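Start from chain A and add chain B according to the hints.
2 protein chains.
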Amino acid sequence: MMKIALAQHNYIIGDFSGNKSRIIESINLAIEQGADVVVFSELAVCGYPPADLLEFDSFIINCKEAIENIASHCIGIAAIVGAPSFNPKLKGKRLFNSAYVLKDGKIDSLYHKGLLPDYDVFDEYRYFEPATEFNIIELNGVKIALTVCEDLWNMNQSPMYSNSPMEQLSKQNPDIIINISASPFSYDHAIERKTTMCANALHYNIPLINVNQVGAHTELLFDGGSLVINSRGGVVAELSFFNEDFRVFDMDEVDNLPEYSFSKTQSKEEKCALIYNALIMGIKDYFRKLGFQKAILGLSGGLDSALVLALAVEALGNDNVWAVLMPGPYSSEHSVDDAICIANNLNVKYDIIPINDTYNILIKTLAPNFNGTSFGIAEENLQARARAIILMGLSNKFGNVLLNTSNKSEAAVGYGTLYGDMCGGLSVIGDVYKTEVYELAEFINGEKEIIPRNTILKPPSAELRPNQKDSDSLPEYDVLDQILRHYIEDRMSKDEIVSLGFDKDVVSKAVHLVNINEYKRYQTAPVLRISGKAFGIGRRMPIVARYSFYQKKLNCLY
Amino acid sequence: MMKIALAQHNYIIGDFSGNKSRIIESINLAIEQGADVVVFSELAVCGYPPADLLEFDSFIINCKEAIENIASHCIGIAAIVGAPSFNPKLKGKRLFNSAYVLKDGKIDSLYHKGLLPDYDVFDEYRYFEPATEFNIIELNGVKIALTVCEDLWNMNQSPMYSNSPMEQLSKQNPDIIINISASPFSYDHAIERKTTMCANALHYNIPLINVNQVGAHTELLFDGGSLVINSRGGVVAELSFFNEDFRVFDMDEVDNLPEYSFSKTQSKEEKCALIYNALIMGIKDYFRKLGFQKAILGLSGGLDSALVLALAVEALGNDNVWAVLMPGPYSSEHSVDDAICIANNLNVKYDIIPINDTYNILIKTLAPNFNGTSFGIAEENLQARARAIILMGLSNKFGNVLLNTSNKSEAAVGYGTLYGDMCGGLSVIGDVYKTEVYELAEFINGEKEIIPRNTILKPPSAELRPNQKDSDSLPEYDVLDQILRHYIEDRMSKDEIVSLGFDKDVVSKAVHLVNINEYKRYQTAPVLRISGKAFGIGRRMPIVARYSFYQKKLNCLY
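Here the protein sequences line up with chains A and B, keeping their order. Start counting the first sequence at 1; every next residue gets the next number (this note's numbering). Start counting the second sequence at 1; every next residue gets the next number (this note's numbering).
Don't take each hint at face value.
[As the list claims (entries may be wrong)] Result set (DSBU-like, lysine-lysine): computed pairs, CA atoms no more than 35 Å apart in a straight line:
#, chain 1, residue 1, chain 2, residue 2
1, B, Lys89, B, Lys143
2, A, Lys171, B, Lys89
3, B, Lys64, B, Lys89
4, B, Lys349, A, Lys93
[Claimed, not checked] Just a few of them, taken from the derived set where beta-carbon distance is under 7 Å, the chain A residues facing chain B:
#, residue
5, Ile13
6, Ile31
7, Ala51
8, Asp52
9, Ser58
10, Leu95
11, Asp118
12, Val121
13, Gly328
14, Ile363
15, Thr365
16, Lys469
17, Asp472
18, Met541
[Claimed, not checked] According to the in silico footprint, chain B covers these stretches of chain A (three or more CB under 8 Å from chain B):
#, stretch
19, 76-84
20, 279-289
21, 379-389
22, 501-511
23, 514-523
24, 526-540
Just so you know, the hints here were simulated from the structure itself, not pulled from any lab data. A quick note: this is a predicted structure, and the numbers were derived from the prediction, not measured. Quick reminder that beta carbons are idealized off the backbone N, C-alpha and C, glycines included.
This is chain A alone, in the form it adopts within the complex (with noise of 0.2 Å):
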């Protein structure tokens, strides 16, 4: 048949001259390792998601001028590159999500994306038209069903998709199939994409490539994982997680090579080392890809920040991240100490900031006007923006990117202060519900203890009135996330959470802190998507609306 490699690359968005060198530096390597074909993720040229990058013509262009000078180093090998395309017609959207097909020098043929995603994240609606008809392409003799991403996820009982590329391929008899993807990261899709590959070689009884992308943008991961299937459905071989990746495959021998084994469940440790892995990489794609180095960021004592302050260190260098610990009226002793004994633990640098004299100042400030009122949200959120004020002066006057540590379970019930915690360049943990920020921190500890035990025991308190705990107003943890996942992952009404067997008046009251806090998630820091539904891009809900539980009028915003 043929030799064919797969190059799974980490891309930057709209960096043609970045992208288009190292697709250039694979297609030698292809051709010095003895390749026929090397193939190339879906939108390598511009990086996957361009967004509205994709409605400036120029964009286009200059994608269209890199796939030709790419096509001009396809000399003896061909390369199957994903990029986008003008569609000619002057009907339907102006571009086409292709898969471009170079050798000889030249542009060969051009194959279109048919299934577009348009949900979750996905917006390829948006700028593209679906290709509606599809053709086998010929490669050194082999036929070959070139598709792209999406276009190969239309398997199941009720399918999104009206129509089926494959259903058309596989009438031309192809020998094989290669898939282009962009398929983002949640802790369960590589499960998931793996089935779905799987179940299309074996119903279609050819071998499969698929070369996925790797690396972060902004909020989305991508955690490679490009896999080679025989045609029996099983998989024989997997490209890196987490990293870029290229091998050269021989489809002769690939019915021959010993097929993997893999569960389709996952234990408590494999997710939490997926989810560190992805949150690593995303916290590093964010800082290079930017041009950043270095890191602040509050530690309060308390498990969310150490948690931050450990994945930062791996992620960037203990030596780039700066601690700040801001002890205010409320604070408990064992805060600081918890707090100095990661940094040490870490081996990073810290300071000790306190707010008092801040806080006691705006106080004065505003007592003209709180004179005769109680102490309340005002007052705590004063503390929690004085801690934000100063962290945003220092990452102001020094370049530190400050990181958000709130996590999932907070950001859902608005259990945080609006531009004062809830500040920062990236949310870190902000998929991460607090249940599973406990099983994180007991993964990092596996085999020393750098998150200090007392941090992991102690009762959650955002201290910012005398011997506050989180549980003074909200469920526990473990209750509430289960709540907040059937709400938000399934999409399920309180009746519908209640009757799994909750409690009427929590379902209720988480239900609706969910929903009164939509406009604070609206102004938070892109969040680092690790889950099936995460805040941001991928979860469009109003801010002026009545939900179904939402009777009583709000007092106060933020």
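Then chain B, alone, in the frame of chain A:
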């Protein structure tokens, strides 16, 4: 023929009981006035756009229940009501965007939208399957081509869609076109809408009824202006703009009614009046629909906050708006005077709360770290954030929603402090360029000086360092705004803009500033949308990306 009632309402998203009562009231009124059919807007039952609430089965079931209840009131009359419906087929998206025809106390038939907008603020492919077959409905012997909004927007030379519902419908010889819509306002869109509707009536040579939604849903504004058009393509009636309305027309008379003439161009005054009314409605509905009465804002003595104050007072009443003057170390003397002057002109309560003590404590608190560095962005931002913390303290304590006062030019180039003057629950003029801010100020001062002349005439300044002016770091606004419009609205590249005659360095700088400030805009309040391309949900640009013009490393986020 028949008598048709047009019911143009201001719905609340998800407020099934409220929307339903409104619809039933209009049905009863239409019966009283002898109408044969009463027509409501697109997705009337749940309000448009419901966004991801559509992903909850319970939401769709609530819509269906409301429709059935409404149907029971349709005795002796037919009603056409927009609502989502489940797609009964196993293939394709799970919903349709439908027009229900209700009569004889029950659901008579259903028509599904064929052309689904998915650009700018629209995400309809995210939720809906497009209909591909279209059949006219017959009521009282009249053959109706029933269409939903975008279904009629397929008339120009390079249409976005490959099929045309009206072409199919026209083959069935309809007597009239009815179009139910939720067509968002921008200051040039009412003319486009009228032109498109007239072109349809003229092309098919039959009268046309268009019923639009009115009111604001967070950032999206709907201006109403529902239309009755005769079979020659002439407008014979237009319902209210920015208000609910209800009118009945005898379709036999429509071709005999006098035609409105309308101009396809717009005077500066007409544009200002539209923007002014749209912003007032936007503020009003944001507060009313969330259940708030009172606003607060920082009044600097500059033009932006003066304009927002005038708009807020018109929308909410002078008793409900609280202005806070927060002079700082670099505030000019005239700032406080100018601010007091407009507060007095509008008879608004104001407080003067200087930030100097807070700023000084922050400088002292940060001194151990800041020592040896020179005054810069960090110190400027401390001032802006000190103001924000005071405003948010008052907001939290007293329940006044903070109005953001940044204009579109500032938001575009990042000339503002994140978590400082970029705070607020709602950005009132975030889609109004600075040059348009001047136009609106003159418009408001039309009859009587409300905004002090000095506020209009003095050079714009953030007053965060001695003798600072906006023009120290930015091009003059009359040039900047033109460049920004070409880049943001027209999606032109840097080179294309330069080719229009703008200075290359100025264009490079402006475009560069827009690109590197995506992260700031990601974290700001929803912006009332008055143009064809506003920041927010309709403009989705990556944060981590290399733009072609993006070469130098950033030194500093925020």
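Hints and how they fare:
1. B/Lys89 with B/Lys143: Holds, because 28 Å separates the two Cα atoms, which is no more than 35 Å.
2. A/Lys171 with B/Lys89: The given pair, whose Cα atoms are some 25 Å apart, holds under the 35 Å limit.
3. B/Lys64 with B/Lys89: 17 Å, holds
4. B/Lys349 with A/Lys93: 52 Å, violated
5. Ile13: 4 Å, holds
6. Ile31: Violated: closest Cβ of chain B sits about 28 Å from isoleucine 31 of chain A, beyond 7 Å.
7. Ala51: With Cβ-Cβ at 5 Å, under 7 Å, it holds.
8. Asp52: 5 Å, holds
9. Ser58: 3 Å, holds
10. Leu95: 11 Å, violated
11. Asp118: With Cβ-Cβ at 4 Å, under 7 Å, it holds.
12. Val121: This hint is violated: valine 121 of chain A lies away from chain B, its Cβ roughly 11 Å from the closest one there, beyond 7 Å.
13. Gly328: This interface hint is violated because 12 Å lies over the 7 Å limit.
14. Ile363: 9 Å, violated
15. Thr365: Holds. Min distance 6 Å.
16. Lys469: 21 Å, violated
17. Asp472: Violated - the Cβ of aspartate 472 of chain A stays beyond 7 Å from chain B, reaching only about 18 Å at its closest.
18. Met541: 5 Å, holds
19. 76-84: Result for this restraint: violated, n = 0.
20. 279-289: holds (count 3)
21. 379-389: holds (count 6)
22. 501-511: violated (count 0)
23. 514-523: holds (count 3)
24. 526-540: holds (count 4)
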